[in-house]
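Please build the complete structure, drawing on both the sequences and the hints.
Residue numbers for the sequence shown follow my numbering, beginning at 364 and rising by one.
Simulated from the structure, these hints should not be mistaken for lab results. Do not take every clue at face value.
Computed cross-link-like contacts, EDC-like style, restricted to lysine to aspartate or glutamate with a CA-CA straight-line distance of at most 20 Å [as the list claims (entries may be wrong)]:
#, residue 1, residue 2
1, K391, E446
2, K398, E440
3, K471, D416
4, K471, E438
5, K471, E430
6, K475, D416
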Amino acid sequence: LVPMAGSNGESWCQGLDGLAQRCAEYYKAGARFAKWRSVVSIPNGPSTIAVRDCAYGLARYAAICQENGLVPIVEPEILLDGEHDIDRTMEVFMDTWAQTFHYLADNKVMFK
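Given below as structure tokens:
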């Protein structure tokens, strides 16, 4: 995780560069599943750009994995730290997952 410019002190996950090559190598080594996590922080926002970046990054990771024979495990990590209530938590979860599925579909990730 690295600081996200223009955000409320949020972070974003890097690492998609070279992912296709790494996935191909992992597949040759016997891997069939891959997991990538990206973080959304409720106390720091979450900002619109942080949620979008998390969802889009997970979708790109999933598409790259599938193109290389791996089954992607997609899980946005929504940090629960803070003093917000359960309704705010649910709101962030629903928005993050809705955007994640939207970008998964845009990237033609197979759901089955």
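Outcome of the hint check:
1. K391 - E446: 46 Å, violated
2. K398 - E440: Holds, at roughly 12 Å.
3. K471 - D416: Satisfied, since the Cα-Cα distance of roughly 17 Å is no more than 20 Å.
4. K471 - E438: Holds - the C-alpha atoms of E438 and K471 are around 17 Å apart, at most 20 Å.
5. K471 - E430: 11 Å, holds
6. K475 - D416: 24 Å, violated
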